[in-house]
Amino acid sequence: MTSFRKRTVQKPIRGTRTSPHTAQVITSSGNPYLDVVIGGGLPMGSICLVEEDRFMTHAKVLAKYFLAEGVLSKHEIFLGSLDDIPAEMLRRLPRPLTDLETEVEQREEQAGSGGAENGLRIAWRYNDLPLVNSEHATAKIGHHFNLMEQMDSMMLYYANTTMWDDSHKEPDIVIAEEFSKSSSPSLEQQPTEDAPPIPTLAAEETGAATEEKASAQEEGIAANNNNNINNNNTSSVATNTTSTKTDGSQQEPPQVFHNPRYGGLLNDIQQLLRDESFVAGTKKNLCRVCLTSVGSPLWYDENFGEDLIKFLTLLMASVRNCNSVCLITMPMHLIAKYDASLVPKIRQLVDYAIELESFAGSERETHPAFKEYSGLLHLHKMSALNTLAVHMPDTTDLAFKLRRKKFIIEKFHLPPELQESPKPDNCSAGRLLSSNSNATVSLDF
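Residue numbering for the sequence shown follows UniProt numbering, beginning at 1 and increasing consecutively.
These are calculated hints, taken from the structure and not from any lab test.
Below 30 Å or equal to it, Euclidean Cα-Cα: the simulated DSBU-like pairs (lysine-lysine) are:
#1 K381 <-> K401
#2 K11 <-> K283
#3 K371 <-> K401
#4 K345 <-> K381
#5 K401 <-> K74
#6 K381 <-> K337
#7 K284 <-> K74
#8 K371 <-> K405
#9 K284 <-> K6
#10 K401 <-> K411
#11 K74 <-> K405
#12 K411 <-> K371
#13 K381 <-> K405
Label-pair distances were calculated between CB atoms; the ranges are:
#14 P20 <-> Q255: 38 to 48 Å
#15 P368 <-> N267: 49 to 59 Å
#16 N267 <-> L385: 17 to 27 Å
#17 K74 <-> K405: 19 to 29 Å
#18 R54 <-> P344: 12 to 22 Å
#19 K74 <-> V104: 23 to 33 Å
#20 H21 <-> H380: 18 to 28 Å
#21 D394 <-> G281: 32 to 42 Å
No residue lacks a Cβ here, since even glycine has one placed at the ideal position from N, Cα and C.
Please model the entire structure based on the sequences and the hints provided.
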């Protein structure tokens with residue numbers, strides 16, 4: 001017998017590929033410009049934190065990109081939020097572009113960038129430097145979307161989605177109370193009306209049995225009293241142990257979170273990730289977990305900081321052990337006002353921390369140097385998952401533009417100063433010189 005075995009190559013999960021830089025399985029974040037910044041895509045088992053701007057508009061756009069990519073790649077989607085309505089958010093996902101529309105868009109970008117380069121009068125050396133978004137054309141994963149149009153309803157109908165907004169518990173409680181109120185009287189009346197008459201012999205036997213049990217209990221109580229009188233110390237120890245046992249049996253199991261919303265959300269996520277298709281090592285499917293506006297005022301209570309840190313710690317452990325990727329948006333400016341020490345702790349419990357600083361409502365919105373951009377993008381953390389080196393982009397000075405059809409991230413640069421400084425007038429200088437000196441006197445240099 002030969003020991004030859006045919007080599008079988010497992011097909012990768014739909015919408016994923018192996019990174020040529022880190023040899024990790026990565027998936028697209030939905031935005032090709034963001035994929036280039038973080039090294040081609042999000043590694044499997046990672047958590048990406050997007051810190052919301054003050055008006056919470058741009059972070060929601062990245063969340064829609066993340067969800068739309070999951071729908072198009074036929075991934076399992078979990079969407080949880082207290083501030084937004086998950087069903088409404090899914091209904092407004094952007095429409096994917098076709099291959100022809102993507103080629104036309106890339107040609108327009110190349111033509112626009114070529115025209116801008118040819119028109120440079122100052123800092124012409126920048127023509128030789130590549131833009132940050134010039135590599136997204138060679139990416140093998142990810143799709144392009146049009147923010148102006150919404151995704152087809154049939155695509156959303158066949159998508160595997162799980163939504164959480166903490167609203168399903170209230171109807172269940174109300175229904176249970178109504179059911180108990182309406183059903184308990186009927187259940188109590190049925191045995192009295194429909195039950196057959198009890199025979200007298202059975203009644204006498206049950207009465208005799210109860211009398212024997214009562215007498216046995218009285219004898220046991222008397223014996224216990226005698227033992228207690230003779231041995232006070234031993235009886236006190238025994239009663240203490242029995243009381244502690246009964247108290248321990250009646251106590252409920254300790255709760256991890258003070259706020260039950262964290263526990264309910266984490267249980268739903270873990271229940272979904274326990275599916276066999278998401279087991280680590282198997283290449284069946286990928287689960288995308290998207291949580292928006294975590295840490296908003298709707299989550300506040302007396303133990304807000306403690307519950308939030310516990311939730312992120314357990315969430316990281318759950319996402320690491322299966323085929324999943326998580327995207328979280330948080331209003332970090334509100335959390336910093338609540339407790340500034342929570343900001344570095346939260347960033348420590350995620351793999352990627354990206355802050356979106358919007359120009360809306362600030363002086364930079366009307367400044368001519370920032371008129372091309374909608375805000376700045378700050379990279380606070382980039383982790384190395386199963387690798388020795390962290391991928392870093394060419395530059396960390398990044399800015400984003402929110403256009404009508406797409407969300408663009410590129411290098412931040414100030415526009416060149418094209419206005420020439422006014423030259424002094426020779427005539428006025430000559431007049432000033434002639435007025436202060438005589439024409440016949442020679443000047444000493």
